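Respectively, the protein sequence lines represent chains A and B. Under numbering that gives the first Met the number 0, the first sequence is numbered contiguously, ending at residue 326. Under numbering that gives the first Met the number 0, the second sequence is numbered contiguously, ending at residue 283.
Keep in mind the hints are simulated off the structure, nothing from the lab. Be careful, since some hints might not be right.
Stated by the list, open to error - Each pair of labels, with its calculated beta carbon distance range: (1) B:Val104 x A:Leu74: 51 to 57 angstroms; (2) A:Val170 x B:Asp218: 27 to 33 angstroms; (3) A:Phe143 x B:Val21: 17 to 23 angstroms; (4) B:Val107 x A:Leu74: 23 to 29 angstroms.
Quick caveat, the model's predicted, so the values are computed rather than measured. Don't be surprised by glycine CBs; every beta carbon is placed ideally from N, CA and C.
Each chain, letter by letter, is given below.
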Amino acid sequence: MREARTPLGGVRVGTVVSFAAAALLMVYLSYAIPLLLPGDFVTSMYAGSQVTLTAEQEAELRAYYTRDSGFFAYLGRWVSLDWGYSYAFLTPVSDLFLEALPWTLLLMGTAHILSMAGGFLAGVEAAWRSGGRAERGMVGGMTFLEGVPEISTGVILLFVFALQLNWFPAVGAETAYAGVSGLSRFVNVLHHLALPLATLTLAYLPGNFLLARNSMILVLRASYVETARAKGLPPRRVRYAHAARNALLPLVTRFGLRLAFMVTGALVIERIYSYPGLGTLLFNAIQARDLPVIQAVVLASSVLVLGAILALECLYRVIDPRIAHAH
Amino acid sequence: MHIDRAQVIRDPWFAVGLGIAVGFGLVSLLGPALAPYDPWSMAFSPISQPTGEHWLGVNDGGQDIFSELLYAIRNTAAFGLLSGLASLFLGIALGLTSGWYGGVVDAVIMRVADVLLAVPAIMILILTAALFRPEPWVLALILSALMWPTVGKTLRAQTLSLKGSLHVRAAAQMGGGGGYILRRHLLPEMFPLYLIGFAAKARMAMFMEASLAFLGLFDPSRKSLGMMINYALQFYYLDVWWNWLLPPVLCLSLLIMGVTFLAVGLEKVLDPRLRADTGGRTWA
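Take the sequences, apply the hints, and build the full model.
The structure is reproduced here in structure tokens:
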């Protein structure tokens, strides 16, 4: 425990610096990788077209496109949301991105909150009943669930609940052109959200549960829990007010470590349910070879993930005051 | 680090995981021999239901689905193995070096690890795959360059605690050099951790491969479970669920379950003191 904490929450400046480095690395990669492509933009754009360029025109075009291709110019344009135009939609990439972002945030945010809360409560209760039949059953079920990838859960839920039972819509985030507003729109959005949300929650739940249970079991061995019990406090108070607070800590640190990986599942799920978030935008862009959109979605979502992990680092400090006072 | 072999083998999770892994291992090795048809042959009537000749029917391109499935399992499993092994090697090399030598080396390696942990690997893979269309093994190696840090950090922590142990101090006392002690004492001692690390990384890699293939980032003629799901899903309104969509979904789940259970089974019998050290989970 002590070992794991030092590089994570120990040095605040160091953490911020390494995150800034990670963000810069991503921006640099997205700038440098396209430059490594064989040939250049002009050749690849005009190679297959009917237009034949004279040498003079070609040189002019090349000069135009390499005008400000320095890394800092790129960075500047990127920060000011000037991400270029989509080849396929002919609209600014930033518009497409900002349109899709809220849906992804809604889906992923809710899924994380639900699976975190559910996994934590179930993990604490399971650890309290450690050794019993209920605990073994829960651990077994969750371990099994951990083996099922999001793609499979998504396809199966889609088949059963959307296509066979018809309980939930199979496509989209709300009914198109329904013209509803207020409460009925809210219900409509929730109705569309249900299946993708259930899939992601099921995917994230086992990790949270097993982690909460394992750390709770370690916490329950501590002598202050013994003291709390000896004082004759009601079991629920011992469990939550004394023990569970400390079992929450590894859950938050590990969340940051896993978030970068968990993005993958969300991309896939959005595509399965045609949910109009970043995953679907990215999928369509890949199909259409719409490079500016691919580049922007990849880059912006990486930076968002980095930001989220950094925010968690700060949260970690709040819920574990020992860290803040240690330095 | 002691691990009780009999206890590992008795563990039901490990046994089930091993069974699944061996099964898929055989299917992957024998795949081309077992396949009744050439999976790229488009000679059959498109979208037909299973018959005695085509056990799982024929897809929209007129290809035999069962043969496709066998090749797909092979590709997904190979990707997972390669990427898992490569990240294990990187993790061992960098984790041991970092823990043993400490100082600047340690600081640099661990900072790099922190940066890599925060970068979503899928994004870098998508960018590379979309722009260069590289061979799958290149993507597998890029992925392992991105996901070694969890293995590396666990091994570093373990190296630090072994560094002060009696036999390592004795070896150093008798004049053993750093390289010698790393190879002869530290490397073999952490063997159980390698197995867990490998299973966890192979699991992650197979999941990534399926996702990338599902998003259409591999060569379309390369058979893969994710790609089969993607194509089949486009015909969801037809009667393709049982014969076309479900088989790759089940195989992918079983494949990932197999490696997950192996990791879980190994982890359960691991030295409890180590578990306490790592907050109960040695892999993320």
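field: Hints violated by the structure (listed by number, smallest first)
entry: 1
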